[in-house]
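S.K.: Given the sequences, and given the hints that come with them, work out the whole structure.
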Amino acid sequence: MVAPRGSRSPTPPWGSRCDDRGGPPMQRILSCELTMHIGERVTIAGWVNRRRELKSVSFLILRDRAGLAQVVVQAGSEMPPEETVVQVTGVVIANEVAPGGVELTEPQITVLSGAEHHTPFEIFRPTLSPALPAQLDHAPLSLRHPSRREALRLAGQATAAFRSSLDGLGFTEIHTPKIVESATESGANVFALDYFGRPAYLAQSPQFYKQLMVGVFERVYEVGPVFRAEPHDTTRHLAQYTSLDAELGFIEDHRDVMKVLREVLAGIMPRISAIEVPREIPSVHFAEALKIAGAHPEEPDLVPADERAIGEWALREHGSDFVFVTGYPMAKRPFYTHPDPSRPGYSNGFDLIFRGIELVTGGQRLHRYEDYVAALTERGESIEPYRSYVDSFKLGFPPHGGFAIGLERLIARVTGAANVREVTAFPRDLHRVAP
RNA sequence: GCCGACGUAGCUCAGUGGUCAGAGCGCUCGCCUGUCGAGCGAGAUGCCGAGGGUUCGAUUCCCUUCGCCGGCGCCA
439 MVAPRGSRSP TPPWGSRCDD RGGPPMQRIL SCELTMHIGE RVTIAGWVNR
489 RRELKSVSFL ILRDRAGLAQ VVVQAGSEMP PEETVVQVTG VVIANEVAPG
539 GVELTEPQIT VLSGAEHHTP FEIFRPTLSP ALPAQLDHAP LSLRHPSRRE
589 ALRLAGQATA AFRSSLDGLG FTEIHTPKIV ESATESGANV FALDYFGRPA
639 YLAQSPQFYK QLMVGVFERV YEVGPVFRAE PHDTTRHLAQ YTSLDAELGF
689 IEDHRDVMKV LREVLAGIMP RISAIEVPRE IPSVHFAEAL KIAGAHPEEP
739 DLVPADERAI GEWALREHGS DFVFVTGYPM AKRPFYTHPD PSRPGYSNGF
789 DLIFRGIELV TGGQRLHRYE DYVAALTERG ESIEPYRSYV DSFKLGFPPH
839 GGFAIGLERL IARVTGAANV REVTAFPRDL HRVAP
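Every number in the numbering used here is 438 more than the matching position in the first sequence, counting from 1.
Incorrect hints may appear among the rest.
DSSO-like mimics (lysine-lysine), calculated; alpha carbons at most 27 Å apart, straight line [to be verified]:
no. : residue 1 : residue 2
1   : K697      : K729
2   : K729      : K616
3   : K832      : K616
4   : K832      : K729
5   : K770      : K729
Ranges of calculated distance between the beta carbons of each label pair, as one might list FRET restraints [unchecked claim]:
no. : residue 1 : residue 2 : range
6   : F864      : A769      : 45 to 51 Å
7   : E588      : R490      : 22 to 28 Å
8   : P615      : E701      : 46 to 52 Å
9   : E560      : E819      : 50 to 56 Å
10  : P716      : K493      : 55 to 61 Å
11  : G608      : A667      : 34 to 40 Å
12  : A856      : H556      : 37 to 43 Å
13  : A513      : P716      : 45 to 51 Å
14  : A856      : G606      : 31 to 37 Å
15  : P615      : E534      : 19 to 25 Å
16  : F559      : E819      : 46 to 52 Å
17  : Q595      : S551      : 55 to 61 Å
18  : P716      : A769      : 27 to 33 Å
19  : L590      : S780      : 43 to 49 Å
In case anyone wonders, no lab produced these hints; they're calculated from the structure.
Glycine included, every Cβ here is placed at the ideal spot set by N, Cα and C.
M.R.: Have a look at this one:
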């Protein structure tokens, strides 16, 4: 709600946004608009956040999308229980002792939809008390809490900023199928489906399609779900997550992709946090990264502990929350990865580590048909499962590359959430498919 | 999948081999001339996750199982 003079709390507990109006279809104003209607009879609507019954007076705290509003109710009156949806018509008065300085008096309360008398836990407290599993079991309720709601709002802001940043760079938004005929990430497990009697899979990434669409638009992006049947039971893994994907043609190499990623992050971060994106994000080669992390020089990949160490190094040495690791070994990257022409065994693939966690994977891709055939052959993989994808490259594709940002990881790191499930509305993991 | 924790009231947790059960919040009732996570008083609520075993006796000890959390493998 609006925090006008008289408000005791500098930061209202429920977030304070009043950038729109109550609007149709209901003749309704928002809690934050009450100060503009002092002396008038108005209608507000929302949820019963909390009842407070005293000897001589009762209060009904109503919650709407903008914040909270206090309704003064005659002592002894029945008040609908918490989370009931109500519409309240009354007279707005200014009152210094009211939270926010205004309140609604002489109310006529209409119940629009009942709520159970007992909610499993209290939603009106500043902190949400239940442990994560209990919150997730009752997600429709727990998500109403400001802490959970704010994270989801930030995720929405981040995707909006992702879109507008790329729109400004000449990208076109695309929509690709989530039901596919083959795996994109060799090694990663897929969810199999029965597709009209044939096998099919849930897409692990829009990788192939966004590459094919580079042949149409040169620069494309997609915001969408991806599915991983990996049995990863950790605080940073989900079976379904939201991938912010981009792919662009006519690049020199992966460094052009990194520049675009840097621009995108510079567009997103101010919208969701105070974290600064350096003009030049520090970058280390994989071999150097192993040294920084103190890992064995023959290690083919960075383990989570290494990533944390590199994140700390970037903050210490460069004052940056972000750090690129480039040149991952070809052996650990998918077959469509473009090798580093100057360094055999290494790739033009990169990861972006944000506050010690792998946030983005990207790189330059192969763009010639014969290179795809060679890459699969070299890996001892059959071309057949990838036939329609690989054959497409006979059509002519520019040198290209792209990246994918893990939305939930981004929001978790920005909000300091310990678990990506805390910032996901209805997380899907190893054990949970509902609600 | 491996390793390590944990499963006791609606929520968060304490507790003990022997009148097998507590606290805070919530809930119910009462008190309190306006609350601000209100306050004060009283009260109700539990197959102490499930199955088996040890024991005269198990919520407590052991085994199995299920659930759940964290770390790791893998990855965004």
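S.K.: Now, for every hint given, state plainly whether the structure supports it.
M.R.: Hints and how they fare:
no.: 1; hint: K697 / K729; result: holds (25 Å)
no.: 2; hint: K729 / K616; result: violated (39 Å)
no.: 3; hint: K832 / K616; result: holds (24 Å)
no.: 4; hint: K832 / K729; result: violated (41 Å)
no.: 5; hint: K770 / K729; result: holds (18 Å)
no.: 6; hint: F864 / A769: 45 to 51 Å; result: violated (36 Å)
no.: 7; hint: E588 / R490: 22 to 28 Å; result: holds (24 Å)
no.: 8; hint: P615 / E701: 46 to 52 Å; result: violated (28 Å)
no.: 9; hint: E560 / E819: 50 to 56 Å; result: holds (55 Å)
no.: 10; hint: P716 / K493: 55 to 61 Å; result: holds (60 Å)
no.: 11; hint: G608 / A667: 34 to 40 Å; result: holds (35 Å)
no.: 12; hint: A856 / H556: 37 to 43 Å; result: violated (29 Å)
no.: 13; hint: A513 / P716: 45 to 51 Å; result: violated (60 Å)
no.: 14; hint: A856 / G606: 31 to 37 Å; result: holds (34 Å)
no.: 15; hint: P615 / E534: 19 to 25 Å; result: violated (59 Å)
no.: 16; hint: F559 / E819: 46 to 52 Å; result: holds (51 Å)
no.: 17; hint: Q595 / S551: 55 to 61 Å; result: violated (29 Å)
no.: 18; hint: P716 / A769: 27 to 33 Å; result: holds (31 Å)
no.: 19; hint: L590 / S780: 43 to 49 Å; result: holds (44 Å)
When each numbered hint is compared with the structure, violations occur for hints 2, 4, 6, 8, 12, 13, 15, 17.
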